[in-house]
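Undergrad: When you get a sec, could you build the whole thing from the sequences and use the hints?
Protein sequences appear in the order of chains A and B. Each residue of the first sequence is one higher than the last, beginning at 4 in our numbering. Each residue of the second sequence is one higher than the last, beginning at -1 in our numbering.
Simulated from the structure, these hints should not be mistaken for laboratory data. Nothing here was measured: the structure is a model prediction, and the numbers come from that model. Among these hints, one or two may not hold up.
Straight-line Cα separation of at most 30 Å, DSBU-like style, residue types lysine-lysine; simulated pairs [said to hold, decoys possible]:
| id | chain 1 | residue 1 | chain 2 | residue 2 |
| --- | --- | --- | --- | --- |
| 1 | A | Lys42 | B | Lys99 |
| 2 | A | Lys42 | A | Lys68 |
| 3 | A | Lys56 | A | Lys87 |
| 4 | A | Lys42 | A | Lys93 |
| 5 | B | Lys80 | A | Lys42 |
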Amino acid sequence: MSRAIRFAPLLVLALIVGALIWRLVTPSDSSVHSTLEGKPVPAFDLGPALDTKPALRSRDLATGKPHLVNVFASWCVPCIAEVKVLQQLKARGVSVEGIAIRDRPEDLVEFLGRNGDPYERIGSDPQSSVQISLGSSGVPESFVVDGAGVIRYQHIGPVETTDVPMILAKLEQAR
Amino acid sequence: MRWLLALLALALSAPTFADSNLPPAYWSDRQLPDARQEAEAQALMEQVRCLVCQGQSIADSNAELAGDMRDLVRRRIAAGEKPAAIRAWLVQRYGSWISYKPTAEPAAWPLWLAPLALLIAGALLIRRRIRR
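TA: Structure below.
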């Protein structure tokens, strides 16, 4: 047996340990990305989530200007912080539309009353069906939809203050 | 000590509020009246990955979103849609990741070819030993 081949097991071990260390240092991204980026928003027609606010249909998104569609819920904790950032975006002239997942009107009223209300429209999605048809896997998520109703960007997790310039840029690109 | 326990119990109770206040979707935990359709739905649900508990199928998962997906699958099967079409609809949205059924996409070729390559290598090795 040649001398070099004796070291082969050691080399294999080093490779395995190296791979393990690499994965520990850079954990894999477990978020599920929608494959609908670059494709039109699937047709939907949601009922109103509140009596005081218009409902949301896919038609409302193809209006010639970009929209930020926010998938949220009153029972979602990160949404509390996010809704304040969405208000900053609204103050900058962004049309923010909401899809409320598995929500009740009374809970929504309390949630919006306490944390503020950036939404122009809110559609109620009591069985997550529109959420699934968008390829979204949780709350909160946001979609940048351009004026033609095409999904340009999916944001997984809450939009944070530091994301505002990026979201504004994505909306500008979608114009 | 009792206080500490109570505080600990409170701290651990947070996940209770991580779900919505709505009851599960109608077909999420209810079998379809037609046994053949229910079997079709069940077979598909066992091959669809849960988006929340990513190691589980939607048939196994207790996540609300999994319940909503079971409702969606059963509704569509009851409406006469083929399981393959429902799977394709989901793959269109979430990518082939969502389905546990192995695909024939180029990315999966090494998976199919590796056992063959190993078998051939093994056979060659044995042949060399026997000849010697």
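Undergrad: The structure should be examined with respect to each hint, and the outcome stated for every one.
TA: Checked hints:
| no. | hint | verdict |
| --- | --- | --- |
| 1 | A:Lys42 with B:Lys99 | 25 Å, holds |
| 2 | A:Lys42 with A:Lys68 | 16 Å, holds |
| 3 | A:Lys56 with A:Lys87 | 19 Å, holds |
| 4 | A:Lys42 with A:Lys93 | 25 Å, holds |
| 5 | B:Lys80 with A:Lys42 | 24 Å, holds |
Of the numbered hints given earlier, the model fails none.
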